[in-house]
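Engineer: Required output: the full structure, derived from the provided sequences and hints.
These protein sequence lines are chains P and R, in that order.
Under UniProt numbering, the first residue of the first sequence is numbered 1, with each subsequent residue one higher.
Under UniProt numbering, the first residue of the second sequence is numbered 1, with each subsequent residue one higher.
Be a bit skeptical, because a hint or two may be false.
Put simply, identical chains are the same to the list, so a pair is met inside one copy or across any two.
Claimed, not checked - Here are the simulated DSS-like pairs of lysine-lysine, each with C-alpha atoms no more than 30 angstroms apart in a straight line:
1) Lys65 x Lys176
2) Lys543 x Lys568
3) Lys609 x Lys373
4) Lys396 x Lys574
5) Lys574 x Lys397
These are calculated hints, taken from the structure and not from any lab test.
Protein chains: 2
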Amino acid sequence: MRRLFENINEWKIIQDNIEFEENRLAESIMSLGNGYMGMRGNYEESYSKDSHRGSYIGGIWYPDKTRVGWWKNGYPNYFGKVPNSINYIGINICINGEALDLAKANVEQFYRELDMKNGVLTRKLIADVSGNKIEVNVVRFLSIATKELGVIKYEVKSLNFDGEVTFIPYLDSNVKNEDSNYEEAFWVNISSESSKNTGSVVVRTKDNSFETEVFTVGANMKVKSSKEPKIRTNTNKEYYSENTMIFDVKQGETVGIEKYVSITTTRDYNKDELLCKGEQILSNEFDKGYELLLKEHCEAWNKRWESADIKIDGDKLAQQGIRYNLFQLFSTYYGEDSRLNIGPKGFTGEKYGGATYWDTEAYCLPVYLGVTKKEVSKNLLVYRYNQLDYAKANAKKLGLEGALYPMVTFNGEECHNEWEITFEEIHRNGSMIYAIYNYTNYTGDFEYIKEKGIDVIVEVARFWASRVHLNARKNVYMIHGVTGPNEYDNNVNNNWYTNYIAKWCLEYASENIAYLENEDIEAVNRNNVSKEECEKWINIASKMYLPYDNELDIIVQHDDFLDKELIKVKDLPKENLPLNQKWSWDKILRSCFIKQADVLQGMYYFGDKFTTEEKKRNFDFYEQYTVHESSLSPSIYSIIACEIDNLDKAYELYSRTARLDLDNYNHDTEDGLHITSMSGAWLSIVQGFAGMKTFNQKLSFNPKLPKNWNGYSFNINYREHILNIEVNKEFVKITNLSDKSVNAIIYGQEYSIDDEVTVCLVVNP
Amino acid sequence: MRRLFENINEWKIIQDNIEFEENRLAESIMSLGNGYMGMRGNYEESYSKDSHRGSYIGGIWYPDKTRVGWWKNGYPNYFGKVPNSINYIGINICINGEALDLAKANVEQFYRELDMKNGVLTRKLIADVSGNKIEVNVVRFLSIATKELGVIKYEVKSLNFDGEVTFIPYLDSNVKNEDSNYEEAFWVNISSESSKNTGSVVVRTKDNSFETEVFTVGANMKVKSSKEPKIRTNTNKEYYSENTMIFDVKQGETVGIEKYVSITTTRDYNKDELLCKGEQILSNEFDKGYELLLKEHCEAWNKRWESADIKIDGDKLAQQGIRYNLFQLFSTYYGEDSRLNIGPKGFTGEKYGGATYWDTEAYCLPVYLGVTKKEVSKNLLVYRYNQLDYAKANAKKLGLEGALYPMVTFNGEECHNEWEITFEEIHRNGSMIYAIYNYTNYTGDFEYIKEKGIDVIVEVARFWASRVHLNARKNVYMIHGVTGPNEYDNNVNNNWYTNYIAKWCLEYASENIAYLENEDIEAVNRNNVSKEECEKWINIASKMYLPYDNELDIIVQHDDFLDKELIKVKDLPKENLPLNQKWSWDKILRSCFIKQADVLQGMYYFGDKFTTEEKKRNFDFYEQYTVHESSLSPSIYSIIACEIDNLDKAYELYSRTARLDLDNYNHDTEDGLHITSMSGAWLSIVQGFAGMKTFNQKLSFNPKLPKNWNGYSFNINYREHILNIEVNKEFVKITNLSDKSVNAIIYGQEYSIDDEVTVCLVVNP
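Structural biologist: Here you go:
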């Protein structure tokens, strides 16, 4: 494996060579986002080699007409896409009239860094443009203090010539998605304007026949130059606006511009006031000036790190990896807007970009619970609550009762179109409920159940009750025709994980109904839950079939799994990997190889229900067959490996998740970052190595230290207490940074922690 | 159900009202073909309401780039389509300058008949075109005496006016497929010409990036008019050629033209000589004159009927149905060209049109064995033999050994793109071998095994040997991840039918190798079959797992089938049917409902291996859950129902197959006829009611008579003997129409038949 960025810094991603071969990969890695919008790490100036220019706006999407080979009843009519939107970073540069194009110029020095502590992307390079040498310095950030704001400072210094330098900052909305199903544009021009130092474009998403919302997006720019240009012109045409500024420079002189952009959308404003609001925001910010804006932005990032940073002593690669993951996760979502969610590629690519998957509930929620205030996590739950009606319609469409949350969605409507996923990967519905359990159990906010949660809990229970069938001969309830979390098995019967979580959902629903019958009968009544219905749920749960093999004493992933030809990954010649590239789909399906945690996902979710011995037996069995070709897999295995004291395996798996994108493990980071998977590194450290569990409203730790680390520390927010956990070769120290005492179990012993408690590190034999 | 054509004639399909609502359905029903080419029952003149103009040429196809939502490894790059080709029947008519358009004219009388005895389509109508009344008479046929030839006689009689009648016979190759994946044309113009009484167009299929053959097609027309026209003009442009002829007519006068067309292709001729050859053929035929051409054509059809007709006494609907099926089957294929095969929609529609499926081997071959000379059937086998290299490449692509014949193909390459079908419906491979068994066993032509058959037998055995896996715990071979004939179950494990036919293929291969080791060692050697390989096949076959339920004493369709919720079709509210329209795909898949014969298909193929009692138990069990939503299903059930003396059920199922298209049972005949399924009616009568079996080189009959029939009779060709079988309420008579004696078993007793033998009809209680 070639590591693209070899210069490792614990707080920075450093690229010290220009990259032509893997420019798309570098663009993905250097992505920036502020939760509201984001973009890939494209250059401001033109670049004529392979590149994927992409900038995306949270919550803006387009329903692209479904394209399938063979229609199956129940398929949705569209697949939601996040439109590649206005290119607002663009600044074309000419040196004595010749365009600066890094694909053509002779680039003598190149340095780019993504400063994760401050959320700033900078670039410095020396290039020779037909004999004219220049030094270029660029700073870019998307403000997290003012969400609509993007700022670029772009400077050019003449190193060996007197002549002209031209800056052409522009806004370009004539942008197409690479993944458009029918190679059509998603945008329609509304207006464009330009005048001295300013410009604007407004576009809206095309009308569609699916009756989904049409979005209008406006971009304003305001440009400030380091000196008055010799010549200034303004141009605008459909989809496009630019300012041109030509400067005379002497050898050794630096000229530059600051480009300030605001992006406003009809998600927040009426379409008629869009530009005007954008101008107001921009004017306010512009008046503050570059230094203050940068300071506000950096301080906001520093604040995030104060509560979220994980420090690793003795492993720079791991240290950089975990920070990169948290940086990109927070760049995608920081909970400000309950209408938004966490797309698997965030703002860094088109494929899966911007849409919501069960990844959010399963992998991301625990991170936000751990490092942000509870409202951030709550907003992720409210997002699903607000989409309950769509989930009910989705279940109905498939001939089922209750609510089935979609596999992929923007507004709550299902938009994925593979039958084995869309219709069958229904375990996702369980994660919606598990998230409610997880949130309320972690935060203690049981009011949420009364207010909103119970509505979701009831409808999902109704779904499961209609989706099971009674096997009359065996007198058990079964669930046929599903795809479990392991998508390398499709259309299987009695996937243990699915059956288990369905059973749990039904039990959890009946428990909550029992609780609300005393606490808030209105919440029961508004959901029309009768005693009979509750009894039905309990009955189904009690008779749910859970495949088990007594001989091997393990859970069986699904009916017939043990009938497969069981080949261990280690015995498979390496040229077969990755299977998803080397094998035909049918060969993958009938093989025993597991793409991602399935039985183990259940043991992770319901860790308090299984003994360490059970976990060990099942881990040891399934791990042999797991290829981890989903980025969501290694973290879960790593956590269980910690629990069963297989620390070397845990560390190996942690490494796969922590630097997944930085080291391009899955050979597809050029398409965008694996944003939701980035939570895995945090989970591996906090829930894995530190062994933090919160089952049944009890906070506990069981810390372990990987061999090659000296120590690690992190903060968590547990029920409004900020705790610092420090683990090193000698001891474990938990410091309570809040005013009130907190109870925590360390290595099985409960402590009431006022200030801090220190215990010796337990090292297993 | 509304029967479109209510006027039932035993030899004709009669339409005595013009059909606007279901014009596409009428167009399908009135299709004509001559094995070489064919067309839907479109009108010659223009028609501005809904219609699907379609004419197709055997063996001409275009590789349309695959369109899928989500690519799976192993998918083919293209899906073969039969291009809707030159409209050569077109004749525009104007009355005093106004176009005759039956969608706009006032049609006072309308009569159309498809004469199945003679293969002629005629039409007679009276229409009022803005007050001018005309009588139109049209005769059309595609010659089976000269394959390239199409003939139309079109006459117009003035009923109430003196004025002008214009005839514009034309050739139009500017034709698109409705099912084009990317809405593109498949044709490129080469040339067009027109002169007095003649015209031509030449087109070729577009270049493609899949390196498949490009076809050029030429059409010539020659026109003869009943009198010299007043005005004559000729026009041609890209893709189009026409003659215009304007006649003066008096009230009561008839004018008309004869349009003769030849179609030639690069399948038979060099592209440079295409038109010239077409002209030669056309000139020869033209000189013979209309009456002689019609006579030759009718005689050829009559000859076909002499050997193939089935007579049913006492059931006009059934009589018409069986003749219609044979007529359309023979219109599609009569074995003249081993490069051609039998597309599921023949020349009557685009979807699946022209491509080859396992339908040919499973359902059509026995009909051709029964009613044509053996060379016709042999050509169907040679077709697959010639494509063996593609089948080997296909297996290799999926990581398997030997040969996997494609699900859908034109040239031998797989072109279907649903993973659950393309990769998993591998039982089709067994039918390739069963066809060899069936052909050699029926005809006695064991030379075919030596010459060609063994090569296919060996490679298919190798496929199965690599596709099974050993379940070490149970010490049996299993086949996971398949779709059986019942496509309402996908990706199942150990589909009994698939496992059984795989086992049989391995045994049949080893038996044939043993036979050839004595008979023709070269055939063994050229296939490199070692003793060890043969032993491996025998070992796998002997340990093949075949799911069986001891409690119910039935074969189990596949692992887990009996775990489903078992609801009988009769208990399912009718509004759920047809499932393929009413239910989402996942609901269909997890249901117990069976689309087409699966276990029963095996009992049909290997009828000599099961007792009547076994057949009865399995029929009684599976029939309850079978919805017959494949047109290939009812015939197989009907045959087994006869064997187990459930004659009412047999007749009910026969009815569904015999008039499938005439009565539009599956609500989709507007897309085209179910050509391959049409063999089902013949199978139901001959193998079902008459109980003809030929297992182990023994001809036997076990005739039964449906309650409401007085009798039936048919001819078969068995090993060069033409036999007539007559069954009525009293007796069964078999007449040997050939010179040599033949042995046949009737009701279990063997007879040597020189002339005829008569036995009493056995009526079961």
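Engineer: Under a CA distance limit of 30 angstroms, which applies to Lys543 and Lys568: within one copy, between copies, both, or neither?
Structural biologist: between (34 angstroms within a copy, 24 angstroms between copies)
Engineer: Within a copy, between copies, both or neither: where do Lys609 and Lys373 come within 30 angstroms Cα-Cα?
Structural biologist: within (28 angstroms within a copy, 72 angstroms between copies)
Engineer: Measure nothing new, just compare the shortest in-copy and cross-copy C-alpha distances for Lys574 and Lys397 to 30 angstroms and report within, between, both or neither.
Structural biologist: Only across copies: Lys574 and Lys397 sit 19 angstroms apart there, 44 angstroms inside one copy, limit 30 angstroms.
Engineer: How would you classify Lys65 and Lys176 at a CA-CA limit of 30 angstroms: within, between, both, or neither?
Structural biologist: The answer is both: 15 angstroms in one copy and 22 angstroms across copies each meet 30 angstroms.
Engineer: My question is about Lys396 and Lys574: at a cut-off of 30 angstroms on alpha-carbon distance, are they close within one copy, between copies, both, or neither?
Structural biologist: between (45 angstroms within a copy, 19 angstroms between copies)
Checked against the numbered hints listed earlier, the structure breaks none of them; every hint is satisfied.
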